[in-house]
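Chemist: Protein chains in written order, with the working numbering: chain A, 6 to 290; chain B, 6 to 265.
Hint data in this document are derived by calculation from the structure and do not stem from the laboratory.
The beta-carbon is built from N, C-alpha and C at its ideal position, and this holds for glycine as well.
No incorrect hints appear here.
Covered, in the sense of this in silico footprint (three residues per stretch, anywhere, with C-beta under 8 Å from a C-beta of chain A), are these stretches of chain B:
1) 9-18
2) 117-124
3) 187-193
From chain A, some residues computed to sit far from chain B (all C-beta separations above 10 Å):
4) 25
5) 67
6) 68
7) 145
8) 183
9) 231
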Amino acid sequence: MRLFKRREKIPKKVTADATTVPVKVHNVRLSYIVENLQGIGSRPRQEDSFAVLNATDVRLILDQGLFAVVADGMGGMQDGQLASTRAVEVLTAAFRQLDHDGNIGEQLCEAALSASAEVLGVCDGSGGSTCVCTLLFDERLYWCSVGDSAILLRRGDGLYRLNRSHTYYNQLLLDAVTDSADAYAHPGIDRDAIDADPDGVRLTSFLGMDPPGEVEFSRRPLPLMDGDTLLLCSDGVEGVLGEDTLYDLLSLSPHAACDAICNHIEDLASPSQDNYTAILIAVRQ
Amino acid sequence: MPAIECGKGHLYDPTLYAACPYCNSGMQTVNFTSPAGVPVGAAGRTAPVGAPAPGASAPGAPAMPIGEAGRTMPLEGSVPQPVNPQQPGVPVQSGMPSYAAPGTSVTADGKTMPPKGYEAPKPSAKVDEHNPTVGVMRKELQLDRDPVVGFLVCVRGKPRGNAFELRGQVTTVGRSSRMHIRLTDDMTVSEEDHAHIIYDDRGQIFYITPLKNRNIVYVNDRAVLAPTPIVPYDMIDLGQTRLCFIPLCGERFSWTNEAV
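Same shape as in the complex, but just chain A (with noise of 0.2 Å):
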């Protein structure tokens, strides 16, 4: 029995400043596989920054988490570039100082926070940019979300979008439904005139906004599963390529998909293509 227990023993090490602390052992189920795509689209700029922290290092994943940032400078104001790509920068720069036993998806948010005043204070309110982050740490997703840009996820049969688009068109739903008398019936709601409001795709909420915008994020993790297909992309994916066909090509091996991706957007080669960008995590075991 006696023997036993000591096998249970707990490991621990010595540190630089001569204390002891358990080792922590990782209890590794799950191996992400990830891979990258941007495109520029027919925009005369690349407009779209991303970025993904630790993917080549499997000792920094089981220690800090895999980190991938998505952000979509806003081509209707100026320098969408700066705006975006200070936004990563600002990202990147939290989840290095990230505190892993404290609740995490506030923490994102409060980067996001960061993110927004740092774009406001080099744009001056004149640029702006949409984020969304995704934090995998110890088989749980954390994520955060500002603007227009999706955190996709593909599990089992079916796609489910994880974040809400800050758009007008959402807000305009949101208040009917909220506004109609019977909130399960909406008889109430126009969705034809919702549908035809020019104004609907302009965004409700991004980094660099004054006052600050709505920042949505994980009130708690989501547990992570064999199989599962995580897309961070901008609109200039999510909404020219619908879910159905993302449905489809996220079934397909993780390289496989991307290139489907980029070959599907040039298929469609439209003279309004916005920039594209995409980050594809698949969780294997």
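Please build the complex by placing chain B on the supplied structure of chain A, with the hints as guidance.
Modeler: Here is chain B on its own, set in the frame of chain A:
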């Protein structure tokens, strides 16, 4: 597939690209407005990781018919219809896939726009950097800046072992560069105005005022919810940083009593 990270968080295949194709990708140009119906070839693509490898199709994709040139073709029927529900007035040109799904940016030229009526903050609303408000103490003492009235010594947190100066009547504490005392490394401290340390030079009393913060300010492990007087060696917890309050001004010293 071999993939390396360029240092800015971009993954690429070093066997296909000598340098990161995503850094400074604004330099790249792609002919996207090709003649109607002619898809832009793989050569015109802006360097994704999965670069055009000869014959690279989608293995394990039975639903994807492979094109003659070895290119992956879109699923039949999965190509979105060339209608634009957002702009019913725009005629769809024949042969030209002018397509945008709901939720896509399709304002005047399809650019992402801020809310209607959103205006950038006016410069006049901002603090005039050249004519900032002058501190009373500085003015009375005819100094270049407000005089030191006390210190906050960090005893826990990243700046542990360093002292921050309290100057003039109001000292702001936060994470941003606009604050007097900047706790830049503590993400649990609010960006701006986490707390103010106030020195009343007439009554010679120091106060702490908790402000726009997500986390409670503690003094000697007791929560501070309103302006509260503080005394020497009080321990102030802002986020995860602990600061020890050491006054200079008080009963034994005052700048106004000192002869020049």
